[in-house]
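Taken in sequence, the protein lines are chains A and B. Remember, the numbering used here sits 162 above the position in the first sequence when you count from 1. Remember, the numbering used here sits 162 above the position in the second sequence when you count from 1.
Just so you know, these hints were derived from the structure itself, not from any lab. Do not take every clue at face value.
As the list makes no split between identical chains, a pair holds if one copy fits it or if it spans any two.
[What the hints assert, rightly or not] SDA-like mimics (lysine to any residue), calculated; alpha carbons at most 20 Å apart, straight line:
hint	residue 1	residue 2
1	K556	S479
2	K438	G407
3	K503	E492
4	K503	R426
5	K556	E276
6	K503	D369
7	K438	D227
Each chain, letter by letter, is given below.
2 protein chains.
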Amino acid sequence: MDTATTALLTDHYELTMLEAALRSGAAHRRSVFEVFARRLPDGRRYGVTAGTGRLLDAIENFRFDDETLTFLDEAGVVGRATLDWLAGYRFTGNVWGYAEGECWFPGSPLVVVEGSFAEAVVLETLILSILNHDAAVAAAASRMTSAAAGRPCIEMGSRRTHEEAAVAAARAAYISGFASTSNLRAGQRYGIPTRGTSAHAFTLLHDDEREAFAAQVAALGADTTLLVDTYDVATAVRTAVEVAGHELGAVRLDSGDLLLLAHRVRAQLDELGAAKTRIVVTSDLDEYAIASLRAAPVDAYGVGTQLVTGSGHPTASLVYKLVARAMSDEPDAPLVPVAKKSPGKPSHGGRKSAVRRYDADGVAEAEVLRPFRADAEPVPGERELLVPLVLGGKIVGREPLSAARARHERSREELPLSATQLSRGEPVLPTIYE
Amino acid sequence: MDTATTALLTDHYELTMLEAALRSGAAHRRSVFEVFARRLPDGRRYGVTAGTGRLLDAIENFRFDDETLTFLDEAGVVGRATLDWLAGYRFTGNVWGYAEGECWFPGSPLVVVEGSFAEAVVLETLILSILNHDAAVAAAASRMTSAAAGRPCIEMGSRRTHEEAAVAAARAAYISGFASTSNLRAGQRYGIPTRGTSAHAFTLLHDDEREAFAAQVAALGADTTLLVDTYDVATAVRTAVEVAGHELGAVRLDSGDLLLLAHRVRAQLDELGAAKTRIVVTSDLDEYAIASLRAAPVDAYGVGTQLVTGSGHPTASLVYKLVARAMSDEPDAPLVPVAKKSPGKPSHGGRKSAVRRYDADGVAEAEVLRPFRADAEPVPGERELLVPLVLGGKIVGREPLSAARARHERSREELPLSATQLSRGEPVLPTIYE
Numbered sequence: 163m164d165t166a167t168t169a170l171l172t173d174h175y176e177l178t179m180l181e182a183a184l185r186s187g188a189a190h191r192r193s194v195f196e197v198f199a200r201r202l203p204d205g206r207r208y209g210v211t212a213g214t215g216r217l218l219d220a221i222e223n224f225r226f227d228d229e230t231l232t233f234l235d236e237a238g239v240v241g242r243a244t245l246d247w248l249a250g251y252r253f254t255g256n257v258w259g260y261a262e263g264e265c266w267f268p269g270s271p272l273v274v275v276e277g278s279f280a281e282a283v284v285l286e287t288l289i290l291s292i293l294n295h296d297a298a299v300a301a302a303a304s305r306m307t308s309a310a311a312g313r314p315c316i317e318m319g320s321r322r323t324h325e326e327a328a329v330a331a332a333r334a335a336y337i338s339g340f341a342s343t344s345n346l347r348a349g350q351r352y353g354i355p356t357r358g359t360s361a362h363a364f365t366l367l368h369d370d371e372r373e374a375f376a377a378q379v380a381a382l383g384a385d386t387t388l389l390v391d392t393y394d395v396a397t398a399v400r401t402a403v404e405v406a407g408h409e410l411g412a413v414r415l416d417s418g419d420l421l422l423l424a425h426r427v428r429a430q431l432d433e434l435g436a437a438k439t440r441i442v443v444t445s446d447l448d449e450y451a452i453a454s455l456r457a458a459p460v461d462a463y464g465v466g467t468q469l470v471t472g473s474g475h476p477t478a479s480l481v482y483k484l485v486a487r488a489m490s491d492e493p494d495a496p497l498v499p500v501a502k503k504s505p506g507k508p509s510h511g512g513r514k515s516a517v518r519r520y521d522a523d524g525v526a527e528a529e530v531l532r533p534f535r536a537d538a539e540p541v542p543g544e545r546e547l548l549v550p551l552v553l554g555g556k557i558v559g560r561e562p563l564s565a566a567r568a569r570h571e572r573s574r575e576e577l578p579l580s581a582t583q584l585s586r587g588e589p590v591l592p593t594i595y596e
Numbered sequence: 163m164d165t166a167t168t169a170l171l172t173d174h175y176e177l178t179m180l181e182a183a184l185r186s187g188a189a190h191r192r193s194v195f196e197v198f199a200r201r202l203p204d205g206r207r208y209g210v211t212a213g214t215g216r217l218l219d220a221i222e223n224f225r226f227d228d229e230t231l232t233f234l235d236e237a238g239v240v241g242r243a244t245l246d247w248l249a250g251y252r253f254t255g256n257v258w259g260y261a262e263g264e265c266w267f268p269g270s271p272l273v274v275v276e277g278s279f280a281e282a283v284v285l286e287t288l289i290l291s292i293l294n295h296d297a298a299v300a301a302a303a304s305r306m307t308s309a310a311a312g313r314p315c316i317e318m319g320s321r322r323t324h325e326e327a328a329v330a331a332a333r334a335a336y337i338s339g340f341a342s343t344s345n346l347r348a349g350q351r352y353g354i355p356t357r358g359t360s361a362h363a364f365t366l367l368h369d370d371e372r373e374a375f376a377a378q379v380a381a382l383g384a385d386t387t388l389l390v391d392t393y394d395v396a397t398a399v400r401t402a403v404e405v406a407g408h409e410l411g412a413v414r415l416d417s418g419d420l421l422l423l424a425h426r427v428r429a430q431l432d433e434l435g436a437a438k439t440r441i442v443v444t445s446d447l448d449e450y451a452i453a454s455l456r457a458a459p460v461d462a463y464g465v466g467t468q469l470v471t472g473s474g475h476p477t478a479s480l481v482y483k484l485v486a487r488a489m490s491d492e493p494d495a496p497l498v499p500v501a502k503k504s505p506g507k508p509s510h511g512g513r514k515s516a517v518r519r520y521d522a523d524g525v526a527e528a529e530v531l532r533p534f535r536a537d538a539e540p541v542p543g544e545r546e547l548l549v550p551l552v553l554g555g556k557i558v559g560r561e562p563l564s565a566a567r568a569r570h571e572r573s574r575e576e577l578p579l580s581a582t583q584l585s586r587g588e589p590v591l592p593t594i595y596e
């Protein structure tokens, strides 16, 4: 039924627009589309670019094979001439974008696609799906790692989101500083460290808690994490140390008043001589809960639901808009800016360049968008944000995931201090259209 | 890198639990896991079962092939004995569940998995990912189709969610009564009708609106839907009817005060003699916006973001809990109920049967859960809710998607009238543990 091609992860109207534009001839006009968000989610201070690496793979696999064409034909989506055009589809244009991990603000052109209208319009849905999802998770993840202030965060939200979205979410979280994930496919596909030990079911399976702990330690070693809240926490902690000894790696708390429990369990562990045993907490954590545990003796946070659902904002509101197109059907016709005029949705036509402007101390102070000029010179105190991702149809923007992760850390550090306040506020940088 | 197997769409800890249980011998204890939600999302009246069909495919493809085993080995997730066990993995147990489309309530055992602990525990993450996502979308979709009161709803949220989640979302929406989707893969994979015509980019591509409309009508026929809010709506409607004639299929409004605009555009269309031309509205609609347009001359609703993000509740909070397991390692050991004792998370141990109880008028009045008895007789005025999905490892629960769609309509109709009130309230049926 299915194929590996990404070509049908697309809205029907991309292909009917293509059909109509092929017929009118306008399909071949050189066009520029920009991906941007009109606003950040309410109260958020910055966005995070994520999904770029996945997007490059998806563009490469955007091919209309026989099975795909047969479906489009039989379903009557488009006619013969369009099917023939699609059979030869290969994106030959250019894509620039904010490098993965980079912070962004309202209006930032996260991705710029230049090509014929035909070849660029059909990528809309796929580009937005990938970036809207991954950026939403990465933005939430960044607030969480920032709130965790150096303590490791473990991504464990797979069960709360679509099974493939889970893999992408683990990737996005890693970019924003998560230390590891529970998702094994993310480990296989992206090389992200995976972690996991046991659930309540494992304790309940055995005749008592001691037997369960002994079974786990026998299999996984004393340096494992024992889950201590199936019955009574204090009893479980005592049993855990008796079974595993002072080398017990960690105990996990998954319910109750974590602030109170963490202090009690820490004191109990120390008293039992297990001073090196860590405390891992999990239990519907979000960035606020993580922050509230800052003064508690917690060594790691496991985060699930709130991470994979973007902590209240499961999508990033990115849109894909035609901002310029050739003035006519002539091959070398110059580009003209275009923009929808409807009320309530401001648009800025024309291809833009994007730079981040810094103050004398190297702190970012503005996102500056200006009309693109090929011959623009770099300006001191500004950093160019758009990097080439695809040139002449060739993917040039691939990089290791670790590069995106390192970039996000740098990009967040450059922002004004209020960027990492959790309280609701305005975007931490103003967007200036010059 | 990847394979078609679903085996790694799983949390790391499922496999470490397996490893430890294989070593302790407890892995072979017969076990019963139930999938249920402790509560509905705040204010919601009912849940909708969705994802079952996808789940059956996923269970069938849950296989540890060489590539998968090599990854697990090299990453050090589990040791040799466990790898050997996984190489032969095939689920041989039983699965019962609420039939797809059925409404559910807090505690309803949506899925019951019976098998050895080993074979059942490893399915946890995958089962929850699929059901949590699909049920969240289906629940939102059901409120929307109910608010639309018979007018067709078109799913067009692909761009706002992960690219594969989008396909599953289209499927879930269709179960809950959506008429069609924009997602072409959902059309190919599930046979859901797909719809789409054009976006603002198509108008902006052309030299003016008239040229764009003419190009679209030339390619797609007069019975197409023209998007009339790129510049000025009244001008666009006039141009649309001039270009397409009285046979114009529909106009689409994607911004502005839809209530006001729909009335104005309807009047204008009628005045222009295009009395049969329909009005389609799209623009961040949710169930409340749909309901508020009930008195407006709107013919169809296109719904995107709010649908695929569960209208505020992007995940269904379903959990997978061990509720019973064999008393000992003996092959015929009887089952004993088990449940976690932590505060704040009530659990009801033991395998349960689930029936819906009706009043004399055939209106549902309660969700009744009672300890499972193989010899239980049907009770008049009650309907058994658990149907067999997998028996002895064999998939027996496959059905056409249309069956799930028809079932949801019936299941919703049987509920008390207040089920489809949009205002926040309690679950419309009480859950009674007998």
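Consistency of the hints with the structure:
no., hint, verdict
1, K556 to S479, "neither (28 Å within a copy, 43 Å between copies)"
2, K438 to G407, "within (11 Å within a copy, 79 Å between copies)"
3, K503 to E492, "neither (26 Å within a copy, 74 Å between copies)"
4, K503 to R426, "between (61 Å within a copy, 19 Å between copies)"
5, K556 to E276, "within (13 Å within a copy, 51 Å between copies)"
6, K503 to D369, "between (69 Å within a copy, 15 Å between copies)"
7, K438 to D227, "neither (57 Å within a copy, 39 Å between copies)"
The structure fails to meet hints 1, 3, 7 from the earlier list, while all remaining hints are met.
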